[in-house]
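> Chains as they are written, first to last, in my numbering: chain L, 1 to 151; chain R, 1001 to 1217.
Fair warning: there could be bad hints in the mix.
[To be verified] Label-pair distances were calculated between CB atoms; the ranges are: (1) L/Gln36 to R/Asn1191: 32 to 38 angstroms; (2) R/Gly1167 to L/Glu90: 55 to 61 angstroms; (3) L/Gly70 to R/Leu1088: 41 to 47 angstroms; (4) R/Lys1124 to L/Thr83: 32 to 38 angstroms; (5) R/Asp1168 to L/Ala146: 53 to 59 angstroms; (6) R/Leu1002 to L/Lys44: 25 to 31 angstroms; (7) R/Lys1094 to L/Lys44: 28 to 34 angstroms; (8) R/Ala1165 to L/Thr56: 38 to 44 angstroms.
[Said to hold, decoys possible] Distance condition first, Cα-Cα at most 25 angstroms in a straight line; then the derived DSS-like pairs of lysine-lysine: (9) R/Lys1124 to R/Lys1094; (10) R/Lys1132 to R/Lys1094; (11) R/Lys1169 to L/Lys107; (12) R/Lys1140 to L/Lys44; (13) R/Lys1140 to L/Lys135; (14) R/Lys1140 to L/Lys142; (15) R/Lys1132 to R/Lys1075; (16) R/Lys1132 to R/Lys1169; (17) R/Lys1094 to R/Lys1033; (18) L/Lys135 to L/Lys107.
Source of the hints: derived by calculation from the structure; they are not laboratory data. Just so it is clear, CB atoms sit at the ideal spot from N, CA and C, and this is done for glycine as well.
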Amino acid sequence: MNRVVAGFEDILRIGLHVCRGNWSKREDVLITGDYQPLVDVFSKMNLQQFVLEYATPRAGELAVVGRALGDREIGLGVCNPRTDEAESVEFIANRLREALQYWSPDKIFLNPDCGFGCFANRCVNEEQVAFEKLKAMVAAAKLVRAEVETA
Amino acid sequence: MLNFPVTQVGSWPRSTTLLSALREKRSGRMSDKDFNALADNEIRRCVERQHQAGVDYIVDGELRRDNFYSFITEKVEGTRLMSLAEMLETVEDKAAFEEMLQTLDAPAFSIRNPTCIGKLQRRKSLAVDDLKFLRTLTDKPIKVTLPGPYLLTRAMWVTAYSTDAYGDKPVMADAIVDILREELTELAAENVEFVQFDEPVLTEVVHSGDDKRRTFM
Chain L
1 MNRVVAGFED ILRIGLHVCR GNWSKREDVL ITGDYQPLVD VFSKMNLQQF
51 VLEYATPRAG ELAVVGRALG DREIGLGVCN PRTDEAESVE FIANRLREAL
101 QYWSPDKIFL NPDCGFGCFA NRCVNEEQVA FEKLKAMVAA AKLVRAEVET
151 A
Chain R
1001 MLNFPVTQVG SWPRSTTLLS ALREKRSGRM SDKDFNALAD NEIRRCVERQ
1051 HQAGVDYIVD GELRRDNFYS FITEKVEGTR LMSLAEMLET VEDKAAFEEM
1101 LQTLDAPAFS IRNPTCIGKL QRRKSLAVDD LKFLRTLTDK PIKVTLPGPY
1151 LLTRAMWVTA YSTDAYGDKP VMADAIVDIL REELTELAAE NVEFVQFDEP
1201 VLTEVVHSGD DKRRTFM
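Looking at chain L on its own, in the form it has when it is part of the complex:
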């Protein structure tokens, strides 16, 4: 990865998105520290942002990455692209407030956990649901932005 981005670090915002994939089957393992190797690798990568999944609540997980990578940007996954109902603005806002313990406001992006339609032969999510989720993220961003500015 570092060979790919060498020389571009200062001129491009480059992020890395890692899907949950096999992590989801191993939640307890991840929380008890098996997640650390990935964090160690991330911290060696000369990348500005890590786009990760956080829509599924798992206590402690945000802290592991937040403590190690608070100097980078986080693309905070706050919507599950595989469910039919949009997350509430309050749910997203709470994730965002939690992230503010580890990242400064200018380092947090909001995004879904993954693409809304990963593979060509199946729509992971219907367009209208995806649209509602985008709107919920925009509303939550606005809400917490105001909180941060008045704080």
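On the provided structure of chain L, position chain R as indicated by the hints.
Leaving out everything else, chain R in the frame of chain L:
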């Protein structure tokens, strides 16, 4: 910069019209020109929805792509889009292959792989044309997504097909690094605001004891 910009990870739900057009194109029953005209319209609608929702960084929904990494067979010489059935005949480690599919959460019937069958060379840009089209639709910052080097190396190497050209996986990986760097050079020249590499199999690379993969990393 605005705090908490909202964006997407990349792909947007594909309409039934687009899905059937992708199939028609793949089977050669639809010309590139017709397909692109249709995809242009789908991307227009996708961008409109993002504008309506108030998103800050716009994506094109990857609507022109077969999937988020196999699409490179259209752009890179020395590759062939292969069905799972074709691959299973030759794949050296069937268990590992199954595991990769699981990692990607990919239904076996729909996945198509960009297999390396010769020397890799970028025929056209991977994403610059998509970026240029997107610029005509929005004044907002744009995020472009690309498959990452680990994913490509892992997916493209199929020993039975790739050995003649490269001998060994890390040698092919060097070619992939070059291709991605060429792409970044062009994307930087177009002042793209955000490039995201997708690495769904990275966890496994990290946990793997395979020295060759480690060397590449």
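> Please list, smallest to largest, the hint numbers that this structure does not respect.
9, 10, 11, 12, 16, 17
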